[in-house]
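Residue numbers (full-length UniProt numbering), protein chains in the order written: chain A, 1 to 339; chain B, 1 to 339.
Keep in mind the hints are simulated off the structure, nothing from the lab. Bear in mind that the values here come from a model prediction, so they are computed numbers and not experimental data. Any given hint could be a false lead.
What the hints assert, rightly or not - Below are the DSS-like pairs computed for lysine-lysine, each with C-alpha atoms no more than 25 Å apart in a straight line:
| # | chain 1 | residue 1 | chain 2 | residue 2 |
| --- | --- | --- | --- | --- |
| 1 | A | Lys-332 | A | Lys-140 |
| 2 | A | Lys-103 | B | Lys-107 |
| 3 | B | Lys-256 | A | Lys-338 |
| 4 | B | Lys-130 | A | Lys-130 |
There are 2 protein chains.
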Amino acid sequence: MADSGKRKRTEEAEGGDGDCVEQGQKPQPLDNGGLLGVRTELTPAFSFSAFRVEKVLRESAREKIIFLHGKVSGDSGDEKDAVVILEKTPLQVDRISDLLNKKSELKLQICNDIYSTYTLYPPLELNDVKTTIVYPATEKHIQKYRSQDVYLVQETGDDYKNITLPFLQTQSFSIQWVYNILEKKAEADRIIYENSDPTNGFILIPDFKWDQKQRDDLYLIAICHRRGLKSLRDLTAEQLPLLRNILQEGQEAILKRYSLPGNQLRVYVHYQPSYYHLHVHFTALGFDAAGIAVERAHLLSDVIANLELDPLYYQKRTLTYALRANEPLLKKFLDAGKC
Amino acid sequence: MADSGKRKRTEEAEGGDGDCVEQGQKPQPLDNGGLLGVRTELTPAFSFSAFRVEKVLRESAREKIIFLHGKVSGDSGDEKDAVVILEKTPLQVDRISDLLNKKSELKLQICNDIYSTYTLYPPLELNDVKTTIVYPATEKHIQKYRSQDVYLVQETGDDYKNITLPFLQTQSFSIQWVYNILEKKAEADRIIYENSDPTNGFILIPDFKWDQKQRDDLYLIAICHRRGLKSLRDLTAEQLPLLRNILQEGQEAILKRYSLPGNQLRVYVHYQPSYYHLHVHFTALGFDAAGIAVERAHLLSDVIANLELDPLYYQKRTLTYALRANEPLLKKFLDAGKC
Chain A
1 MADSGKRKRT EEAEGGDGDC VEQGQKPQPL DNGGLLGVRT ELTPAFSFSA FRVEKVLRES
61 AREKIIFLHG KVSGDSGDEK DAVVILEKTP LQVDRISDLL NKKSELKLQI CNDIYSTYTL
121 YPPLELNDVK TTIVYPATEK HIQKYRSQDV YLVQETGDDY KNITLPFLQT QSFSIQWVYN
181 ILEKKAEADR IIYENSDPTN GFILIPDFKW DQKQRDDLYL IAICHRRGLK SLRDLTAEQL
241 PLLRNILQEG QEAILKRYSL PGNQLRVYVH YQPSYYHLHV HFTALGFDAA GIAVERAHLL
301 SDVIANLELD PLYYQKRTLT YALRANEPLL KKFLDAGKC
Chain B
1 MADSGKRKRT EEAEGGDGDC VEQGQKPQPL DNGGLLGVRT ELTPAFSFSA FRVEKVLRES
61 AREKIIFLHG KVSGDSGDEK DAVVILEKTP LQVDRISDLL NKKSELKLQI CNDIYSTYTL
121 YPPLELNDVK TTIVYPATEK HIQKYRSQDV YLVQETGDDY KNITLPFLQT QSFSIQWVYN
181 ILEKKAEADR IIYENSDPTN GFILIPDFKW DQKQRDDLYL IAICHRRGLK SLRDLTAEQL
241 PLLRNILQEG QEAILKRYSL PGNQLRVYVH YQPSYYHLHV HFTALGFDAA GIAVERAHLL
301 SDVIANLELD PLYYQKRTLT YALRANEPLL KKFLDAGKC
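Okay, chain A solo, but in the shape it has when bound (with noise of 0.2 Å):
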């Protein structure tokens, strides 16, 4: 699942609690000798100077990442894939003054009237750049970081019974985390607020993407305890009680909690959904969060008023939603010459 995935990758990207010690605070020169240098068990065998790139994975220009495929070629002569993610670090508040003040150089590029703009070259302790390696790199670890096309499908409620429905049943997703958070197996200190009916009560908590340490990027999810619905797909009007209390009473806890009121929150459920257990998404509306775009987000107020105006909405409307190339379903929907 895509919840339990993003745990995985987060592990990943974290490098977990890791088999290895910090190395010394001092930065260290690299050279060819640089690593094979320093290289013990506690060091990767990863070779910066004997990387090669091959294909630019991925990158973003309003983001400062880039995700490149490589090859490293060893001391015999053989080659292996590595993966390499670049991400430019934050500006931090703090160190502004230094950066402005302080040995950096700069080159004005352009000055009109009361606008000037400059290249600005930092000291190199103050404009640091994230590196992640993955090597040696599986063809799974290439294809996870490749970006790639996206396809819009025009769901109608047939195409859900034909195709999309009897896909997800051929699925073996597990979703143990969330039945072991439900029945308080795991997380229950992390609960900030549920109602226990079992048909029209959920389970209010933060999402693993939350640190909780800023209002700013503010995500907590509500899970429903009634089993079986697995999405928007599967909501009729008699679901409208259990819509309303995760909409009210999440709003309520969340301005207890988080001292943020419900016209500053963004309440949506996912259609995909990344796994098949009614969930609610609760972000700061200030918050550009991820899977908030239009073709994928259905606020929950307006699934409301839909269910309110016609109890079999979505049964019978067709729903629109982007997949990857790779997602099996596309498969479907272009076998059947829906897409």
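Position chain B against the provided structure of chain A, taking the given hints into account.
Using the frame of chain A, we list chain B on its own:
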């Protein structure tokens, strides 16, 4: 209007053509005299060494950008406001091998199995920061860059009639630039496609935000010929032919001109829109464009389906959208006790 506003902002950000010429290519050392030393009519009065940060107006760890408001004390001890914008530059593919293999310093952080992370310290010339200065800055500049709280408004059909519409009628939004396009008085050479029917026709034209250099961030706008359709709220079943034309012919024109098929396009309207003449946005599905969030964007295919379901859907329906704290319309809703 936002679009013309964007033009203005773009000019500002780029500093226009600039009254000044570029300085030499070699970075110049910055010190107290660094700028004073080269100050001429071609260089700004701003002095980095005299800049003191007062407040962070906005920052984005994701985009590695920070907007600062500060004071610059002049020789005579007087203080003037300045806005300083710092943004890390994107990682360039053709510089990667230099970044990884030449004079970069690096520090191993974590090593766990095949995963390892480093802090990389690139040489100055490979790691610059784009710096934009507004000096002296007015309160208007400072407000413009300040991040503001946003609030959700739940606008019922009656709220639209009683609050939003009367407010819009008091505003003197000039959309002359839109009429100039429709009448071929401006940008006629930029038109990609036209259906000249006065009732159900439209003009398709690239959005200003798109430089048309790559398809990744493809962004076009369809502007309907018919006047008086302000927004989503004015749409009834009567506009279905117009909306179907825009969706189908717009997709066909983009496929023909840019070889991007309809299932890789996000086609949507904004509510609230940035100007009140009906227009439809076409963006590449893979492009994380601004304004695609669920609280502002409405897929044209959904709009059509909702009007087929209920001809008066958008007259009756509560529409949810976000307003920034300083937007006058928000005050109207607050005064009416609706938010």
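Mind checking the alpha carbons of Lys-103(A) and Lys-107(B) for me, to see if they're no more than 25 Å apart? holds, 22 Å
Given the hint that Lys-332(A) pairs with Lys-140(A), test it: the Cα-Cα distance must not exceed 25 Å. holds, 22 Å
Are the Cα atoms of Lys-130(B) and Lys-130(A) separated by 25 Å or less? holds, 19 Å
Lys-256(B) paired with Lys-338(A) [C-alpha distance capped at 25 Å]: holds, 21 Å
Hint compliance for this structure: no hint is broken.
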